[in-house]
Amino acid sequence: MDIKLKSKLSKITTFVFDVDGVFTDATLLVGESDVQRVFNVRDGYAVQIAVKSGYRMAVISGGKQKSIATRLSGLGIQDVYLSVGTDQKLSVFQEYIAKNNLQEEEVLFIGDDIPDYLLMKNTKVLACCPADATEEVKGICDFITPNIGGKGAVRDVIELVMKAQNKWMKVF
1 MDIKLKSKLS
11 KITTFVFDVD
21 GVFTDATLLV
31 GESDVQRVFN
41 VRDGYAVQIA
51 VKSGYRMAVI
61 SGGKQKSIAT
71 RLSGLGIQDV
81 YLSVGTDQKL
91 SVFQEYIAKN
101 NLQEEEVLFI
111 GDDIPDYLLM
121 KNTKVLACCP
131 ADATEEVKGI
141 CDFITPNIGG
151 KGAVRDVIEL
161 VMKAQNKWMK
171 VF
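The numbering used here puts the first residue of the sequence shown at 1, with every later residue one more than the last.
No false leads were slipped in.
Result set (EDC-like, lysine to aspartate or glutamate): computed pairs, CA atoms no more than 16 Å apart in a straight line:
id, residue 1, residue 2
1, LYS124, GLU106
2, LYS8, GLU159
3, LYS4, GLU106
4, LYS11, GLU104
5, LYS170, GLU159
6, LYS121, ASP87
7, LYS64, ASP79
8, LYS163, ASP2
9, LYS121, GLU136
10, LYS121, ASP142
11, LYS4, ASP142
12, LYS151, ASP25
13, LYS52, GLU159
Because the hints were derived from the structure by calculation, they are not lab data.
Between the sequences and the hints, there should be enough to build the whole structure, so can you do that?
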């Protein structure tokens, strides 16, 4: 592992996620009354392990559906910001870290598309993306997961951090 990446991983206390394209494969199932998404159970399990281990978790997403908040809160993610416009993600993130007295370097952010770009580019977060992220986002990331969004990318970053900090498999 790259020494610079290992140094950044050692500082992480908080994970901030986008939803579509990260927790999901960016597919929306559109019905007459609602939009549905499919979440990966292994990603969810890794979130629960990280929460149990004391990591902070937050989501900043443009998604609006109540089902998103229901799934994420069920995993133990307390801070869920939905209906966030592309031009608002950076300011919502800055409010979140100020409210929680965090330094940008303590945060791993994983996003996959243009709405995440400004946050990743204009902060000192550990910027990560799934293997199928847009080329623009991949170009500014510190780490690209081996898995695609909705198929293990969330677990990839959680395991990466927890293994670097020697905390993976210590919860049991």
